[in-house]
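J.: As a plain string of letters, each chain reads:
2 protein chains.
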Amino acid sequence: MKIFLDCIPCFVRQALDSARLATDDEQIHEKVMREVLRLAVDLDMSQSPPAIGQQIHRLIRKLVGQNDPYHQIKERFNNLALKLYPELEECVRESEDSFATAVRLAIAGNIIDFGVKTSLAESDVEKTIEQSLNGLLDDNTIQEFKDAVTKAEKILYLADNAGEIVFDRLLIAQLPLEKVTVVVKAEPVINDATMEDAKTAGLTNIVEVIDNGSDGPGTILETCSQTFRARFENADLIIAKGQGNYETLSNIDKNIFFILKAKCPVIARDLGCEVGEMILRKSKALNDIVDLVKESE
Amino acid sequence: MKIFLDCIPCFVRQALDSARLATDDEQIHEKVMREVLRLAVDLDMSQSPPAIGQQIHRLIRKLVGQNDPYHQIKERFNNLALKLYPELEECVRESEDSFATAVRLAIAGNIIDFGVKTSLAESDVEKTIEQSLNGLLDDNTIQEFKDAVTKAEKILYLADNAGEIVFDRLLIAQLPLEKVTVVVKAEPVINDATMEDAKTAGLTNIVEVIDNGSDGPGTILETCSQTFRARFENADLIIAKGQGNYETLSNIDKNIFFILKAKCPVIARDLGCEVGEMILRKSKALNDIVDLVKESE
Chain A
1 MKIFLDCIPC FVRQALDSAR LATDDEQIHE KVMREVLRLA VDLDMSQSPP AIGQQIHRLI
61 RKLVGQNDPY HQIKERFNNL ALKLYPELEE CVRESEDSFA TAVRLAIAGN IIDFGVKTSL
121 AESDVEKTIE QSLNGLLDDN TIQEFKDAVT KAEKILYLAD NAGEIVFDRL LIAQLPLEKV
181 TVVVKAEPVI NDATMEDAKT AGLTNIVEVI DNGSDGPGTI LETCSQTFRA RFENADLIIA
241 KGQGNYETLS NIDKNIFFIL KAKCPVIARD LGCEVGEMIL RKSKALNDIV DLVKESE
Chain B
1001 MKIFLDCIPC FVRQALDSAR LATDDEQIHE KVMREVLRLA VDLDMSQSPP AIGQQIHRLI
1061 RKLVGQNDPY HQIKERFNNL ALKLYPELEE CVRESEDSFA TAVRLAIAGN IIDFGVKTSL
1121 AESDVEKTIE QSLNGLLDDN TIQEFKDAVT KAEKILYLAD NAGEIVFDRL LIAQLPLEKV
1181 TVVVKAEPVI NDATMEDAKT AGLTNIVEVI DNGSDGPGTI LETCSQTFRA RFENADLIIA
1241 KGQGNYETLS NIDKNIFFIL KAKCPVIARD LGCEVGEMIL RKSKALNDIV DLVKESE
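Protein sequences, first through last, are from chains A and B.
Be aware that the first sequence starts at 1, since it is given in the working numbering, and climbs by one per residue.
Be aware that the second sequence starts at 1001, since it is given in the working numbering, and climbs by one per residue.
Be aware that a few hints might be false.
Derived coverage of chain A by chain B (criterion: at least 3 residues anywhere in the stretch with Cβ under 8 angstroms from a Cβ of chain B; other residues may be distant) [unchecked claim]:
hint	segment
1	8–18
2	206–212
The calculated lysine-lysine pairs, modelled on DSSO-like cross-linking and capped at a C-alpha distance of 30 angstroms, are [unchecked claim]:
hint	chain 1	residue 1	chain 2	residue 2
3	A	62	B	1263
4	A	2	B	1083
5	A	83	B	1254
6	B	1031	B	1083
7	B	1062	A	117
8	B	1002	A	2
9	A	117	B	1031
10	B	1117	A	31
11	B	1127	A	2
12	A	127	B	1031
13	B	1083	A	263
14	A	263	B	1263
15	A	31	B	1083
16	A	117	B	1083
17	B	1002	A	62
18	B	1062	A	263
19	B	1263	A	127
20	B	1254	A	31
21	B	1127	B	1117
22	A	154	B	1117
23	B	1117	A	127
24	B	1127	B	1263
25	A	179	B	1254
26	B	1127	A	31
27	A	254	B	1263
Don't read these hints as lab results, they were simulated from the structure.
The structure displayed is predicted, hence computed values, not measured ones.
Ideal Cβ positions, reconstructed from N, Cα and C, are used throughout, including at glycine.
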């Protein structure tokens, strides 16, 4: 998905939020804003939003002189999610359809996205959990997703954010663990999950976790490591969490299930849904396979 | 009030909204965005938001090749307000305190501000009217405002937006008409009221109406005509409607009552109020006089 003009004011706002997180120095805030505006003037509009985000957040980290401005926020939301985890795990266990409930909770966790919004209260997370357990989600698509998991031999689970990754653990625990590799970012960018967060979430104890070699807030294949790209190529099912992974992989010819909460109007328009909707969506490639099977029947 | 960094993403968003109002040509939208970003890179942060808005909207009008992109919107909201007018007039007439009710309705009209938000439904206006009739507004300040009107000999009423100016008529009708001059913008900018709107609102039939010689979305004295500045200088009471007039006149040493709805977080912070609050506020100069009177008593 390429960038829309609507993304530009959002990036400018995000840059300011990010600079303010990193430092109280207003001169640095102003410098960040001017440099991000300068970068935006000549923006290549054929790039995906995360590809622009990658450049912008590299610039911000350089200007504020910090490698990880969102570190505290990541810790805070990891801790919140870990506090909620036992209760959520019980909710999955006691549910009539544990798999579907785990999918719903994994979507709920996607509210913890500091690219879209910098002010997120703990109560927002709790409210989203409640809404997600009862919100609209197509039973057929859940079944297709379950079938795809059963058939797959090599599953890559592309994680999105810190905090959210604890929610992902609920869904990952429902998958055949020996076939699953979880993927995190190699370097900090916004509040995206890195190896540190995967450890905090307890994922490294139950499943293989690798990084993608990149600091892009999504999966920008051309900036990922050769190792990751080979794993991506060989996987027969990709589970892609969050907006950034949707934006970077929606046009890729692979078997992908996108799992996210649509939080911005541009992505909602691309998905054909309302802002706030829960999304479990097969990639075009997977849809084409289903169509072929139907045709041959 | 000078610009804050928070205003910059808002200006970029406003530029896009404005370009889209003027034309469906996406190449022009992109050109507007790039030029506005270029302008923002070297922004003089000591200016007021309307001074920046003036430059940006001049640029947009030039790039889209239209003198008045908001013309249709202005007509639409003038018509809406005129449709509501008889009912609102009755509401003022039958009210226990007609003056206070007229102030409340003038504040309600300030919701019609396309600088802050480009999507405003007719139902939003009706909802705001209802809220404003019952919302919090300090009785003492209303009384002080009423007293200031009684004492004044030369009142300038600085109008804000089209549509809103019909609501202003309710309050203007409560003032000593022979002492009042209403001021509109000389050239179109955003949905600010011009002489055409004052005529549509029926104001030119009941009161003197002049323009300020400027295309600034506020009262940027240095870009106003000599004639207006002389009138401003000589007036003993200024009634300043809307955010733009507050932003440009809050530091001016004159007797001013600001009447507005605080619609953006930056202005709300400056006013020390919440977003959405109704504001009737004396200028610092007027407050100083009150303090002097109290000291001499």
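J.: Determine for every hint whether it applies to the structure shown.
T.: Cross-check of the supplied hints:
1. Coverage of a stretch by a chain is defined here by at least three residues with a beta carbon nearer than 8 angstroms to that chain's beta carbons; for the segment 8–18 of chain A and chain B the count is 6, and the condition holds.
2. Restraint check on the segment 206–212 of chain A versus chain B: 0 residues with Cβ-Cβ distances below 8 angstroms, three needed, restraint violated.
3. Annotation: proposed proximity of residue 62 of chain A to residue 1263 of chain B is violated, straight-line Cα distance about 35 angstroms (limit 30 angstroms).
4. Of the pairs offered as hints, the one joining residue 2 of chain A and residue 1083 of chain B is violated, with about 44 angstroms between alpha carbons and a cut-off of 30 angstroms exceeded.
5. For the hint pairing residue 83 of chain A with residue 1254 of chain B, the CA-to-CA distance comes to about 57 angstroms; that exceeds 30 angstroms, so the pair is violated.
6. Distance restraint check for residue 1031 of chain B and residue 1083 of chain B: the Cα-Cα separation of roughly 38 angstroms exceeds the 30 angstroms cut-off, and the hinted pair is therefore not satisfied.
7. Distance hint between residue 1062 of chain B and residue 117 of chain A is unfulfilled; the C-alpha atoms sit about 34 angstroms from each other, more than 30 angstroms.
8. Between residue 1002 of chain B and residue 2 of chain A, the direct Cα distance comes to roughly 36 angstroms. Violation of the 30 angstroms bound is thereby established for this hinted pair.
9. Pair hint residue 117 of chain A plus residue 1031 of chain B holds up; C-alpha atoms about 27 angstroms apart against a cutoff of 30 angstroms.
10. Pair hint residue 1117 of chain B plus residue 31 of chain A holds up; C-alpha atoms about 27 angstroms apart against a cutoff of 30 angstroms.
11. Restraint check for residue 1127 of chain B and residue 2 of chain A: the C-alpha separation of about 38 angstroms exceeds 30 angstroms, so the hint is violated.
12. A distance of roughly 41 angstroms separates the Cα atoms of residue 127 of chain A and residue 1031 of chain B; the hinted pair therefore is violated under the 30 angstroms criterion.
13. For the proposed pair residue 1083 of chain B and residue 263 of chain A, the alpha carbon gap of about 37 angstroms is over 30 angstroms, so the pair is violated.
14. Between residue 263 of chain A and residue 1263 of chain B the CA atoms are separated by roughly 23 angstroms; this keeps the pair inside 30 angstroms, and the hint holds.
15. As the CA atoms of residue 31 of chain A and residue 1083 of chain B are separated by approximately 49 angstroms, the hinted pair breaks the 30 angstroms bound.
16. Restraint check for residue 117 of chain A and residue 1083 of chain B: the C-alpha separation of about 39 angstroms exceeds 30 angstroms, so the hint is violated.
17. Between residue 1002 of chain B and residue 62 of chain A, the direct Cα distance comes to roughly 28 angstroms. Compliance with the 30 angstroms bound is thereby established for this hinted pair.
18. Of the pairs offered as hints, the one joining residue 1062 of chain B and residue 263 of chain A is violated, with about 35 angstroms between alpha carbons and a cut-off of 30 angstroms exceeded.
19. Under the criterion of a C-alpha separation no larger than 30 angstroms, the hint pairing residue 1263 of chain B with residue 127 of chain A is consistent with the structure, at around 26 angstroms.
20. Taking the CA atoms of residue 1254 of chain B and residue 31 of chain A, the gap is about 35 angstroms. The hint is violated against a cut of 30 angstroms.
21. This hinted pair checks out: residue 1127 of chain B and residue 1117 of chain B have alpha carbons roughly 16 angstroms apart, not beyond 30 angstroms.
22. Taken as a hint, the residue 154 of chain A and residue 1117 of chain B pair is broken in the structure, with Cα atoms around 48 angstroms apart against an allowance of 30 angstroms.
23. Distance restraint check for residue 1117 of chain B and residue 127 of chain A: the Cα-Cα separation of roughly 27 angstroms lies within the 30 angstroms cut-off, and the hinted pair is therefore satisfied.
24. A distance of roughly 15 angstroms separates the Cα atoms of residue 1127 of chain B and residue 1263 of chain B; the hinted pair therefore holds under the 30 angstroms criterion.
25. Note on residue 179 of chain A and residue 1254 of chain B: the hinted pairing is violated, with a Cα-Cα distance of about 74 angstroms set against a maximum of 30 angstroms.
26. At roughly 41 angstroms between alpha-carbon atoms, residue 1127 of chain B and residue 31 of chain A are farther apart than 30 angstroms, so this suggested pair is violated.
27. Between residue 254 of chain A and residue 1263 of chain B the CA atoms are separated by roughly 46 angstroms; this puts the pair beyond 30 angstroms, and the hint is violated.
Checked against the numbered hints given earlier, the structure breaks hints 2, 3, 4, 5, 6, 7, 8, 11, 12, 13, 15, 16, 18, 20, 22, 25, 26 and 27 and satisfies all the rest.
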